[in-house]
Amino acid sequence: MSRRYVNYKVLLFGLVVIGVSILLIGVLWVSTRPSQPIGADTAILPSAFNTDGFARAIDPWLWEFPRDHGPHPAFQSEWWYYTGNLTTASGRRFGFQFTIFRRALLPERRNSKSEWYSNQIYMAHFTVSDIAAGTFYQEERFSRGAADLAGAEISPRFRVWLDDWSVQASDDSAATMSIHAKADGYAIELVLTQVKGPALQGVGGLSQKGPEIGNASYYYSLTRLATEGTVIIGGEEFSVDGTSWMDREFGTSALSEGAVGWDWFALQLSDGRDLMVGQIRSEDDSTEPAFGGLLVSADGQTRYLPADVITITPRGTWQSKHSGATYPAGWEIAVTIDSTPLRLLLEPLLADQEVRGSVTYWEGAVRVSGDATGYGYAELTGYAQPIRGMF
Amino acid sequence: MAITVVSRLAYRALQRRLLQSALFLFSIVAGVALVVGVDVAAESARRAFALSTASLQGNATHEIVGGPSGVPTSLYRRLRTNLGIRTAAPVVQSTVREGASGLALTLMGIDPFAETQMRQFLADAAVSGATGVSGQALLRLLAEPNTVLVSESVAARLGVEPGDTFELFTTQNRETFTLAGTIRPWNDLSRQALAALVIADIATAQEFLDTPHVLTRIDLILTDAQTLLEVREALPPGVALRPAESNRQTLAQLSDSFTLNLQALSLLALVVGMFLIYNIMSFSVVQRRVQIGMLRAIGATRRQILASILLEALVFGVVGTFLGVAAGYFLGGFLVGAVTRTITDLYYRVEVQVLTLSTFTVAKGVATGLIASLGAALLPAIGATRVTAASALRSVDAEQTTRTHVDLAAAAGLVVLAAGFGLTQLQTRSLFFGLGALFLILMGCILFTPAALLLAMRSVQPVSGLLFGTLGRIAPRAIVRSLSRTGVAVAALALAVSVIVGVSVMIASFRGTVTEWLDGALTADVFISAPASGLLETINIDPSLTTLLQEVPGVTHVATARDVPVLAPDYPQLPPVNLVAISTNPQQVSPSRRFVWLAVEQDEVWEAMQAGAIIVTESFAYRRRITAEDYALTLLTDQGPRTFPIVGVFYHYGTDQGIVLMADSVYRDLYADPWVSSFVLFVTPETSSESVVENVRRLVADQGLVVQGTRALRTEVFAIFDRAFNITAALRSLVAIVAFIGILSALMALQLDQKRTLGTMRALGLTAGQLWRLTFLVTGLMGLAAGLFALPIGLLLAKLLIDVINVRAFGWTFAYIVPAGSLLQAVLIAMVAALLAGIYPAWRVSRLAPAEAIRNE
Amino acid sequence: MSNDQSPFVTLSDISKYYYDHGEQRVVLNKVSLEVKRGEFVAVLGSSGSGKTTLLHLIGGIDTPDDGSIVIDGSELTSFNDSARTRFRRRHVGMIFQLFNLIPTLTVWENVLLPAELEGAVTAKLRNQAAALLERVGLSDRRNTFPDRLSGGEQQRVAIARALAHQPLLVLADEPTGNLDAENSARVLSLLLELTREAGRTLMMATHDHEIARQASHICRLHGGAMTTQPVAAPVP
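Protein chains in written order, with my numbering: chain A, 289 to 679; chain B, -4 to 852; chain C, 446 to 681.
No lab work stands behind these hints, which were simulated from the structure alone. These figures come from a predicted structure and were not determined experimentally. Every residue gets a Cβ at the ideal spot worked out from N, C-alpha and C, and that includes glycine. Be aware that a few hints might be false.
EDC-like, lysine to aspartate or glutamate: derived pairs with alpha carbons at most 16 Å apart [to be verified]:
(1) C:Lys475 <-> C:Asp510
(2) A:Lys401 <-> B:Asp205
(3) A:Lys401 <-> B:Glu139
(4) A:Lys470 <-> A:Asp452
(5) A:Lys470 <-> A:Glu524
(6) A:Lys470 <-> A:Glu428
Now the in silico label distances, taken between C-beta atoms and shown as ranges [unchecked claim]:
(7) B:Lys750 <-> C:Arg641: 29 to 37 Å
(8) B:Arg227 <-> A:Glu524: 27 to 35 Å
(9) A:Gly588 <-> B:Gly79: 32 to 40 Å
(10) B:Pro140 <-> A:Thr628: 53 to 61 Å
(11) A:Arg591 <-> B:Gly79: 42 to 50 Å
(12) B:Ser539 <-> A:Pro348: 51 to 59 Å
Let the hints inform the model, and build the full structure from the sequences given.
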């Protein structure tokens, strides 16, 4: 009596039925699943913004400080842009960028019962370059300009904030400001004191970005802010001091058709002079002739530098592993001031200082050598994607 | 002699008995399909709710919720700026209705900037706007007033495309919204999440809902204990931090009792199916007695015989189970509508987008199907092993052994019955044990059936002989002689009919109790509220309406009620408390309110309530073990937790979750909540309430409020009630159908069994007409017996359902009302079922030529 | 009893076919037979020769495919099923090889069954039935169920049942085929005795030549055809 024998027909019958049933259930299962997944897309930043109804930068601005440190909601966009180079007593170097952008969705506020309503969006970028460790920290934040979550004000004192990131004046004239920003794994607590007053960029603070009327912004800088405070990396606190630069612009759609981005340099030279140079690049590889630079002497005197006296020559390139974009890395900048040439060699303190948020650009600390020495910040936009229409 | 031969014989036997095979398959398919179908429906509803709650909560690990006053925006700001918590998202959420269809939708106001890490479905969904630029849709949402996003399927249901407008309304507002864009879900989760969702900017939601400073909740992702502690310390009184998961669970368990009861009923169908299988298998064994005897004679072991019978059952079991699971999935599709309808009526709004066939459900279906097949076949298989070569070939009566089985079954019934009653005496509130006891008692009763049938047929014989002559004498004896078949058939039918009786009596009792309760509860003349689905929806009506209502001619008094969910910190595992704050003495609104107990005099209740005491419903007290000895309830108020003395527990059948009644003045002191939820109007005796209803309707025409007279409200309550029992009734019928098939198969077997006898009688002069009469006598007697046995069993079942199951499931006690009509009906159903089932077998035998029937084998 | 020499049972050219997997099989081929009242006709033939079929046809249990059957002037082949059934229970008594008692009825009820089915149980009939039971020696077992009886006893009950309603024609299909020699002899003598006494016509299918020798006629069935031969000296 053998146990090895089983009735294969019966078994086979059973198995076939089981198989068919499983298949049936499987088909049902699969047929209820969506056929094609759709990629994520929640980009909040549009490539085309309606500029109707906003004020344009056309006439010279009647500057008044500290009022103009505060917000200008009649214009569509505005920013408070802080960069700086800091060192510890032992010479360890840090760079930082702390920027709050304001963007209006609509020119008018409507009446709303809700404290959450706002026609303003705020965006902030906060980066720290830990030169010695070779690490670049960055974070981007957004908020609506409502419910006290983000905003800008001049009264009672100058303050711009987004969540717990803020820059605010310590006195009514805003001669001293402090920046508080704490992100994931790094933070800064800095006090910035004006060494030089506001330097108006362009022509009396009207900085032309293209040939069209209104394609300009109101633009001033605090080119030299003595800075001290702490940088926190991980759990470690570093007492630092150094020099910062604040850029302030407000306007409405400030780039022309065909413009793809800009290269911008804010350099603080050890001889007390500060230099802003930049170029707006077009699709056809030309640069915008209307956009120039500014030299601020040690005593705060400013001098406009038209585009034709500035030459910016890249000396190398760096390709980002993250975005794949290729940026120039290292420059030779030649400026002719009163027929005296000034030749400066710029070198990034860290190759990878690429900021990757809703906009991808390179913003990093650079060292200056050549005819003068110093440190500064370089900003390279439009290499990963066209920048026009964005902040 | 190898096992193959035995199984080949089984296989051929199957081939020959197609009908029996089909019935076996049917029993398993029907039983498993019901079990799986109910499970699929219940699971789908539960999963849909859990999914939509979960996906609405997104990745939140915790949530901060408040009472009726909500959560202040300032807390959110503090979390972000002072505590630097980035993973926090504010939500303003409420049910709204679409203007044209009245379709209930969840309006969810969010801050898109806070959402990035929170809600996956927003990140997964592709947003398309009118211009096709995805960013545009979100920008419009932020920038433009009254702009919303919905999923493509909701847009299709509303018949709108991006750029189109449609109306939404609440009790306070009716406004036109523009569809800024549609969201295309890409997986089941986002599909479920978006099923009935309208997404708006938080400001838009606040404007429309008129709650400018209030958040419904703050969703948080908190991973480290330190931050958790900081958040907890930052909480103002009146709000609470709780794990998101526990919230989902407590809410989903709202409907657990309801679905568990359905599942129990579906299991009953499978048990009836087991009777069927037992019947079929034992018949198949009897048919093969001689064959088995011969196999034994030529050397087959008992074990091989057992294996062959069980293998047969297993093959059918496997086939039937898998077909049953597949059929159950389809059945679930049909059931899910009814299940979700009732869940939406009674507990929470839920829409099932995707049927869930969980591994657990499949495993359960497979296990029950296989266990049922093998279990039901085991006795016949063992019976087959008892067949000896000698007895089979000598053709000794097989029924002799059945008689002893009758005694055994009755003895087993006694044991099972005792176990069942013992289980009811356990000090437990477990519904599971309650249902277990119910099953045992039912089974115990059923095991008695063959013995009872034997007795009944012996005693009925003289009577039926007197009434119907020889046929009348033959019929009961035929039943007794084939007791192994008739006993099981009658048991199955009795089981089904007793379920019908039990459930009918239970429903009638409940309905009667609710009718009486409503008569006492609905003494006001006009009721004004808003359509709400489930317990989780709060209705906000402007209290200034009170003054307007007072001016309606004929109105003597306007009372308001505020119905809100409130957190009870002592019961974190239970859903929030339904707090009803009333402006008028509850004894005035319903003077004949009956109390389970009262700590004060009836006429002092309102006084005590105004001093801060509360009264609660019976089911509320049951769920929270509130007794006359232990009577206090702590609720989270705007000023923090507050403990209220409970001065009474009253009967109430409006919701099985229970209600807390509080004086409106006490409520308003403790909660910054301006709204009311409903009004009741009392009118002068001279005024017709219809005219007041008309006047009030005109007054609140724009607000989407429902104005009803007492009668309309009653009708609505009963409509909900009937819907809730629809599915119970449907399952009851399905059980009856399975039982019908059972008795049909038993009668088939019976008739085939008696083929020779009937043929002889035909040869001796039994006309075809007499044959029909005999068959109907047999089946009618069986039906009558089943019907009569079912009555006491059914009444006992109803008693258990009312006294044990309903108390444990819903916390309700109600009167035991036995409708005589339904008892008579049950007996009739049993007889008609049996008579109908007799038609086919009788037809088959009558067609059989007597010459064939008596042909010697 | 009667000297009437006209045939009591007349079979004229009856044929019966069966179909097996579409193939026609002839059981009876144009069989003709005349049986006079009071005669004992033995139908001889091997298994499957059509003996049972012939009896079934005469008893109206089955119908021929061709030909006619006339019993006592009634043309059975013109009756419908119901009329045949009624005719059978009034005028025909049947005895089967396997006794075919109704297991759910007592001995007494089995005996009365044909009359009861007819609804014609009279006091006279009861007396006759009681007398018959007495004759077959089972009056003390009248309330016993068939499964408590031996084979011989069962067949004796069957004889009583076949005769209780006083049929004119008794059809017996190998009534001793399942019995031992002793019981066989007893059952046979009872059957012959009781039919002869009342002058009833008996047709018995058998393959026992000893039994056949006691018949007035012997019909042999072979290959669907029948040959008839009278028996020389019927022995009482």
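Hints, verified against the model:
| no. | hint | verdict |
| --- | --- | --- |
| 1 | C:Lys475 <-> C:Asp510 | holds, 10 Å |
| 2 | A:Lys401 <-> B:Asp205 | holds, 8 Å |
| 3 | A:Lys401 <-> B:Glu139 | holds, 14 Å |
| 4 | A:Lys470 <-> A:Asp452 | holds, 8 Å |
| 5 | A:Lys470 <-> A:Glu524 | holds, 13 Å |
| 6 | A:Lys470 <-> A:Glu428 | holds, 12 Å |
| 7 | B:Lys750 <-> C:Arg641: 29 to 37 Å | holds, 35 Å |
| 8 | B:Arg227 <-> A:Glu524: 27 to 35 Å | holds, 29 Å |
| 9 | A:Gly588 <-> B:Gly79: 32 to 40 Å | holds, 37 Å |
| 10 | B:Pro140 <-> A:Thr628: 53 to 61 Å | holds, 59 Å |
| 11 | A:Arg591 <-> B:Gly79: 42 to 50 Å | holds, 43 Å |
| 12 | B:Ser539 <-> A:Pro348: 51 to 59 Å | holds, 56 Å |
No hint from the list above goes unmet by this structure.
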